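J.: The listed protein sequences derive, respectively, from chains A and B. The opening position of the first sequence corresponds to residue 1 in my numbering, with each subsequent residue numbered one higher. The opening position of the second sequence corresponds to residue 1001 in my numbering, with each subsequent residue numbered one higher.
Just so you know, these hints were derived from the structure itself, not from any lab. Take these hints with a grain of salt, some might be off.
[What the hints assert, rightly or not] Example chain B residues on the side facing chain A (calculated, C-beta under 7 Å, incomplete):
no. : residue
1   : Val1090
2   : Trp1136
3   : Ala1139
4   : Pro1152
Since this is a predicted model, take the numbers as computed values, not measurements. From the three backbone atoms N, C-alpha and C, an ideal C-beta is built for every residue, glycine too.
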Amino acid sequence: MRRLTILVLAMLALPTAASAYSVRLDTARCTKLTPPQVIALGPDWSALAAYVQRCLVPGPDGRTALTVDVVRLDRAYAAHLFNAHPDQKVPDPVLRDMSGRVVGTLPEGFPVDPPGVLRVTFADWSGGRPLRIELFEAGRSAVSPERLPPMRWYPGANSYR
Amino acid sequence: MADPAQSKADTVAALTKAGQDGYDAYPKDCSHSIWVMLKLMGSPDEPYRTANDLMRYMASQGSGWHRVLTVEDASKLANQGKVVLGGLAVPAGHGHVVMVMPGPPHASGGYDTGGGAVQRSMGAFPPSASGASSSWPGARSRGEKTVRDPWPAAQWPMVTFWTRD
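Just chain A, with the same shape it has in the complex (with noise of 0.2 Å):
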């Protein structure tokens, strides 16, 4: 009786544990791709092939749950990419699933994108994916930093908006 007890209250701490568990998107987290991984995401990104990079979501299980899809402008602009190609396409960040389903994009670059510069939390997890993405704007532009709408999870359309 004491077992199930335990069993019990140890199972509705489950969700307890994992709703409450977040994750920031992190640059340690993120390596490069392979040049055919680079050409597969399209034109766009073989352009900046030399700055795209995968980042990993982990879960509140260690599992990675989640993929981003960054181009580092922070190191593009270190590497001044943009003085002789002012007009060059940045995809934005793209949001896939553990199959490598497109699920979403954030709506800057990241972690940069001057003058912005976006901290994104992967929130209220259920079911081994986050439900909400936080995104706050911590960049020096003209206005103060801000918490933006966050982005959440609409199961019929499979995605994050």
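Using the hints, position chain B against chain A.
T.: Structure of chain B alone, referenced to chain A:
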């Protein structure tokens, strides 16, 4: 009898000069620079409002301001000599406001962001005028930068434009 074409040209020239004079008076302060511009453009008794207060006021009923839904329409109105302001309020901090300047749209970006790195272009937008307390070079403009330059990509869709009746 007044020539309508000349009258329009004079109004457009006055709007351009108001934008430049407002910037010159307060290059490091958006709300004061816009205040000067509004006073020069037919509202000598315009009360001073911070960017947040001005954005809130323009959206309030009976303010005499109405929303301009697209940046293209904002540009058309400015090219007719109408005062058009664009801005974003940040209730927990300070917002920013600009005046749309007459003139054709031109590429955003293209200026030094520090350390010799040139800002990338986000496309062509109408020119703007405003001072700014921010160190971001895209936020200060005497007409050489665009309405797109002050804001990060994630905040740009929240910027709204307004014109007076």
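J.: Indicate, hint by hint, whether the structure satisfies it.
T.: Okay, the hints, checked on the actual structure:
1. Val1090: Nearest chain A Cβ about 5 Å off; hint holds.
2. Trp1136: Holds, about 4 Å.
3. Ala1139: Hint on Ala1139 of chain B: holds, closest Cβ of chain A at ~4 Å, below 7 Å.
4. Pro1152: This interface hint holds because 3 Å falls under the 7 Å limit.
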